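Asker: One point on numbering: in full-length UniProt numbering, the residue at position 31 of the sequence shown is 31, and numbering is uninterrupted.
Mixed in with the good hints, there may be bad ones.
Stated by the list, open to error - Simulated pairs of lysine to any residue, SDA-like, Cα-Cα distance not exceeding 20 Å:
| no. | residue 1 | residue 2 |
| --- | --- | --- |
| 1 | K111 | E138 |
| 2 | K48 | L61 |
| 3 | K259 | N237 |
| 4 | K16 | S41 |
| 5 | K162 | N131 |
| 6 | K88 | Q62 |
| 7 | K88 | S58 |
| 8 | K258 | R210 |
| 9 | K111 | T95 |
| 10 | K16 | V89 |
| 11 | K156 | D186 |
| 12 | K258 | I220 |
Everything labelled a hint here was simulated from the structure, so no lab data went into it.
As the structure is a computational prediction, the values presented were derived from the model and not from experiment.
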Amino acid sequence: MEQTSLHLFSDGISIKGEPVRIVFQNSDNGYTVMIVRIIESDEPIQGKEITVVGYFPSVHLQETYQFSGRLKTHPRYGQQYEAVSYHKVLPQSRTGIIQYLSGDLFPGIGKKTAEAIVRTVGDHAITKILNDPACLQEVPKLDPDKAKFIADTLIKNEGLEKIMIGLSDFGFGSQLAAKIYQTYGDLALETIRDNPYQLIQDIEGIGFQRADELASALGITGNSPERIQAAILYWLNECAMNDGHVFMLHDEVIEAAKKLLSTPDLHITDDDITGKWISWKMMGKLSVRVTMFICRNCTMQRRAL
Numbered sequence: 001m002e003q004t005s006l007h008l009f010s011d012g013i014s015i016k017g018e019p020v021r022i023v024f025q026n027s028d029n030g031y032t033v034m035i036v037r038i039i040e041s042d043e044p045i046q047g048k049e050i051t052v053v054g055y056f057p058s059v060h061l062q063e064t065y066q067f068s069g070r071l072k073t074h075p076r077y078g079q080q081y082e083a084v085s086y087h088k089v090l091p092q093s094r095t096g097i098i099q100y101l102s103g104d105l106f107p108g109i110g111k112k113t114a115e116a117i118v119r120t121v122g123d124h125a126i127t128k129i130l131n132d133p134a135c136l137q138e139v140p141k142l143d144p145d146k147a148k149f150i151a152d153t154l155i156k157n158e159g160l161e162k163i164m165i166g167l168s169d170f171g172f173g174s175q176l177a178a179k180i181y182q183t184y185g186d187l188a189l190e191t192i193r194d195n196p197y198q199l200i201q202d203i204e205g206i207g208f209q210r211a212d213e214l215a216s217a218l219g220i221t222g223n224s225p226e227r228i229q230a231a232i233l234y235w236l237n238e239c240a241m242n243d244g245h246v247f248m249l250h251d252e253v254i255e256a257a258k259k260l261l262s263t264p265d266l267h268i269t270d271d272d273i274t275g276k277w278i279s280w281k282m283m284g285k286l287s288v289r290v291t292m293f294i295c296r297n298c299t300m301q302r303r304a305l
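All chains, please: the whole structure from these sequences, using the hints.
Answerer: Take a look at the structure:
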């Protein structure tokens, strides 16, 4: 299925730059404060460097990134750039590729080795290695273990880059993208495409409306079972978290689900919703007892137990 961009964030100001110093980085959530050397920007920015803040699952010094975000003024630290999304820009020049391959991302690979790789593989060395790691076997005196390390590192970072770009295309800023990647890892995009409503249960900060917008872009609309089940579970969880309820009457659930699911162009009926009871019971997520739903997955109930 073709990936769809939701464009839920405004692009703001775009900056192309190179991190030169990491001031602070939270290893748990990826929140980072760093000094970035400005290579170019689509609006004038005072100075050659700027403090960039945001959520970055992976960022390295001496690499080039394209940031999208906004300028803000911190009361203590002055002008900062708050990055909403970002992606890595691979070097294209011969000199840039040599610097990249001999940088911090490739410990033990010095400048001479990088020069030998570019000299042998060519000016598009990174692309060629990604497409055919065996091309490194042609580099004179390159240890097989080092060749494997270089190829594996490039492939790993290329995979992360594709995931982050994919999450950005889905409309997620860097903070939520970092949470999603930390939760699902390499399966992030696959999980979202298979069931975007899973995000409601797994990612703090994503509710039914946000997941429903994403699902609609992926073709899950109307009275689909996934959509109706997600609405019911979301509402029950909200009742449990906000009011402590673990028991709700049948009619209350039906009416609440209809409000969540109906739109000006779509009318959801009682039958649409009640038709999902049996499948939910089989899945073990809800038990039906005549006039009530009991949510076994609600956080409040788990705490009570």
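Asker: Which earlier hints turn out false for this structure, listed by number in ascending order?
Answerer: Every hint satisfied by this model.
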